[in-house]
Amino acid sequence: MALVSMTVNGKPVSGEVEGRTLLVQFIRENLSLTGTHVGCDTSQCGACVIHMDGKAVKACTMLALQAEGSAITTIEGLAKGDDLHPVQKAFKENHGLQCGFCTPGMIMTAVDMIDRIPNLDEETVRAELEGNICRCTGYQNIVKSILDAAETTPA
Amino acid sequence: MYQFDYHRAQTVAEAAELLAANDENTLLAGGQTLIPTLKQRLAMPAKLIDIGNIADLNFIKAEGDAITIGAATKHADVAASPDVAKHLPALAHLAAHIGDPAVRNRGTIGGSLANNDPAADYPAAALGLDAKIHTNKRLIDADPYFTGMFETALEDDEIITEVTFPHPEKAAYVKFPNPASRYAMVGVFVAKTPIDIRVAVTGAGANGVFRVKEMEDALSSNWSPDAVTGIKVPEDDLLSDLHGAADYRSHLISVMAGRAVAATM
Amino acid sequence: MSTTGIGQAVRRKEDKRFITGAGRYTDDLNRPGQTYAYFLRSPHAHAKINGIDLTEAVAAPGVVSIFTGSDVAADGLGGLICGWTVHSKDGSEMKAGAHPILAEDTVRYVGDHVAMVVAETYAQAKSAAELIVVDYNVLDAAADVGTAQDGSAPQVHAEAPSNTCFDWELGNKPETLAALKNAAHIVKLDLTNNRLIPNAMEPRAAIADYDSGTDEYTLWTTSQNPHVARLVLSAFVGVAPEHKLRVIAPDVGGGFGSKIFIYAEETACTWASAKIKRPIKWTAERSESFLSDAHGRDHVSHAELAVAEDGTFLGLHVQTKANLGAYLSTFASSVPTYLYGTLLSGQYALPAVYVEVDGVFTHTAPVDAYRGAGRPEATYLIERIVETAARELAFDPAELRRKNFIRTFPHQTPVIMNYDIGDYDACLDKALALVDYDGFPARKAEAESRGKKRGIGFSTYIEACGLAPSAAVGSLGAGVGLWESAEVQVAPTGKIEVFTGAHSHGQGHETTFAQLVCERIGVPIDDVEIIHGDTGRVQFGMGTYGSRSGSVGMSALAHALDKIEAKAKKIAAHLMEADAGDIELKDGVFTVAGTDKELAWAELALGAYTAHGFPTSEIEPGLKENAFYDPLNFTFPSGCHICEVEIDPDTGVTQIANFVAVDDFGVIVNPMIVEGQVQGGIAQGIGQALFEAAHYDETGQLITGSFMDYCMPRADDLPDFDLGFTQTDCPSNPMGMKGCGEAGAIASPPAVINAITDALGVRDIKMPATPARVWAALAAPSPSSD
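Residue numbers (our numbering), protein chains in the order written: chain A, 446 to 600; chain V, 74 to 338; chain U, 1259 to 2044.
Treat the hints as calculated values from the structure; they're not laboratory data. Beta carbons: idealized from backbone N, C-alpha and C, even for Gly. Incorrect hints may appear among the rest.
As the list claims (entries may be wrong) - Pair ranges (Cβ atoms, derived):
no.	chain 1	residue 1	chain 2	residue 2	range
1	V	Y75	U	A1416	37 to 45 Å
2	U	D1696	V	D309	47 to 55 Å
3	A	M446	U	D1955	39 to 47 Å
4	A	E568	V	P267	32 to 40 Å
5	U	K1446	V	A153	52 to 60 Å
6	A	M446	V	D309	45 to 53 Å
7	U	D1398	V	A318	21 to 29 Å
8	V	G303	U	R1708	20 to 28 Å
Said to hold, decoys possible - Partner residues are not named here, just some residues of chain V that face chain U (Cβ under 7 Å, in silico):
no.	residue
9	P252
10	S254
11	L315
12	G317
What the hints assert, rightly or not - Derived list of chain A stretches under chain V, where covered just means 3 residues or more per stretch with a C-beta under 8 Å from a C-beta of chain V:
no.	segment
13	550-560
14	570-583
Kindly produce the complete structure, drawing on both the sequences and the hints.
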């Protein structure tokens, strides 16, 4: 076992982990932040996407120890108190979710996309969602939500 | 995953020492291939030596008529680099289409080249541009570096430190992704450098990335899509699977080669 | 007009928890002292187990206990059951072997359950499982439905000779055969309906907790129908008495049918938690989902359509081999029979239909209902053969359909169903307008100029959903009734709790059911809470599948609200000293006709519980009512989907250039949610048509065992869909609703394949029409590609 420390959603946290403990396990099991999900074992579904030092990463494809010293944001840390992030609002407003399981990863991917790419269009949004699988929505309202949020987010 | 120890190396020398210390020790860079492999219990390392944070391995340098990229540089950084965009837009395009955005934020060029997955993108660029692969021990030319599927000239305790790409006169990479995995089913990198003309194919070869001499010769006399679209790579040496039999892959190589050449014009 | 009532695009009440990471799915829950289960699965499709040596494994670190089939048998537990009995042509019952929870002496598919290892951590359980030594005698496997009935094929169950579970028939055989004998034209088609893996994004999971003090079991699991799970686990498997077993399906991350069924894993966890007197948690890895979730579809069919010179359809004869997999899953037998053969009349006035279905066992994962369940297979067959007929007889595909549409209702088909209402011309007309059918030749020519091949394909579908009514399904072999229940509990403050037996795993019931309450009572939507998915709170229910929650579940709620309103009016009459017949309820206020007396809903509710001065012989205190609702008939959503594709002949890549869907779902409660259901269904249908296939090799190994090889539709594979609606209100339930959850998956595959075959000028192409298959069809055009 080894000690790992990082900042998660603005709070310093630490815990004992094995070398093989995945970051997503640390987040879900040690920190009880269960909004980050595991939907596959081949790094493709994107239900586990979080932000590490401001960049979207798949928490199922990282060891907890690789995140030592980093700043992590999970879906639970996106809203400012009761004030939802514009992407969260857009997903609700545009019915961008059904069962909700892929949603945290979708939203974290969307926030990263909007931060990184100015003037998003539909084709770009669809391409950028390559690493996030949704089985419910057919993606139409997810794309609509992201484009809506991109418009309302100040550059 | 099986049990293993994790060690974050601070220097290449430290990593090399740990790697040499035990045959069962393995390097970890971005982990985007290694960690899924470990999750499937297909590997049982004693210690993972994390080289992802070594500052000396994280850089992009444009010097003279070449670009040198540190081995632990992430795909996203290559894709976003103004230097790469200016001198080697084909490489920026390639890096921008590896995996998905989250994978590109972790995966590294050195990891991709060391693993030499037959469906990976970087091997096509390295072979197509005659890149120089620097290690902690020596410099290896691309041609002898790639020795087969998941096989390279790297010795067990050798670490890629950086990769140098010459500025080509013309270059482009076009891939046809596997519909399910989105890895390259066929990816073709074409380049015209001051020294030679190269066509490198990934995703399709039964022995990993390979060059197509006949297409290179044809392009030498006529740099146009028509020069390559009629050339067929024999099916015998090509992969055949659920998503594409060898005849289809052979066909796609011709089509993608033509599109790559067209993209340079 | 209420902004939260019927017909309003109310934003979903449940979304807040999902967009903030506060959803609670089964794997998010933990119990004090819990252990973890890992299931050792068969690596072979077919093998005898000579012995299992646990010596090393039980001694491994952290192991609490290991269970095998002999432990299950020693406790006298029953096997897993199939709840629908189908009969063969000779009147005999379907034939099936036992479906043990853990394999006894034989494994029958890759992924079959051999042992359950319970340990302190999941990693320890998994490591210990590697130390179990199973002595297998590996046998040949029957992996292909097309050949499994051959005399030489390996047998899956001794009880089912020739691997035939049943040979079932439906329809008017003599009339059909006569029609085919005498018709001017006979259109023949051989079709494969490809096998699919549901892949809800949340893998299946269970936590079972046995309380030794009370002998009570609690099972949290990923279920679409927790009451049915409780019933099966208690009445048939015998894990626990029904009143001592509580099954909770918390937030569930998609189902699509795959979470209807009662599987070995949650059963074993529940049983074993009492053995070890500790909670046991199990969560599937995705690779396990691929191997052991019930798969869908997998038909091989031959069809012949008799057509008169003028294009009138005279008869349809269908012969189908349906793969059931290695064991009969919970509703497996109903899917290729009563959910399939009964829809083969489509939207057409077919005087004669005769269908024969062989249910075939193979050494593959069990096959059961997947979104649409039988109806996509029927729609694919009829819409493909009708399109083929139009091409062969040189009719416009829209006009040939129109020529044969049913126009008078009710309409009795030759295959049981009595269509209650519909307007097929209206859907077709609207779809033709939306797609700009007249402009298609110009679009095709423009595509040609870019080197692309453009094609158009139709699907005018009908489905039967709102699965119920109990009498009907009972007469066809169902072991259960398919009514639904609802309970409405008004608190003294006027807040309303609704307990429904329907289960929401993406459908948005917490919003739509609340809309009905708002419409009827006039309270704010935030004052209404919809409770579902817990046998400890909901009186009973049959769950959510078969697009039944609106037409059956909400109808039950409507009946319960009728009772609430009736009683509330009595109380209001008492409180306002008026006649109950003069009381009106509007926007949450009771008034007395012809007076200015009024009473707010909350005042009424408080009055119901204070009960001061109630004439107790006439009015009981309190305000809580329930209803069990059983509809008169199935519902029959219908519509027209039109797909346009563009094919790149250089690569074989198909792009959906345009997809129009016009559906008649009757009354729509929330158009935003309905559109979402249609979009998701179409995506799954396009997935079947272009991308997805479960592929077993000849030894029964699953080749497509992960997202690396099983192609899930991604955002960049799909366009926006152009949706439209028409409306004929369903006369068979008080809501006028028909159901919308499955239509997209039912209607879209034939539209896509009809478009591709149109573009390529071929008669058929197998689904999924992958780039490799399309390229092969282009390289060697033949009557039947691949």
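Here is how each hint holds up against the structure:
1. V:Y75 / U:A1416: 37 to 45 Å: holds (41 Å)
2. U:D1696 / V:D309: 47 to 55 Å: holds (51 Å)
3. A:M446 / U:D1955: 39 to 47 Å: holds (42 Å)
4. A:E568 / V:P267: 32 to 40 Å: holds (36 Å)
5. U:K1446 / V:A153: 52 to 60 Å: holds (58 Å)
6. A:M446 / V:D309: 45 to 53 Å: Since the Cβ atoms of A:M446 and V:D309 sit about 52 Å apart, the hinted range of 45 to 53 Å holds.
7. U:D1398 / V:A318: 21 to 29 Å: holds (26 Å)
8. V:G303 / U:R1708: 20 to 28 Å: Holds, since V:G303 and U:R1708 (Cβ atoms, about 22 Å apart) stay within the stated range.
9. P252: holds (5 Å)
10. S254: Where the cut-off is 7 Å and the nearest Cβ of chain U is about 4 Å from V:S254, the hint holds.
11. L315: holds (6 Å)
12. G317: holds (5 Å)
13. 550-560: holds (count 3)
14. 570-583: Per the Cβ count (4), the hint holds.
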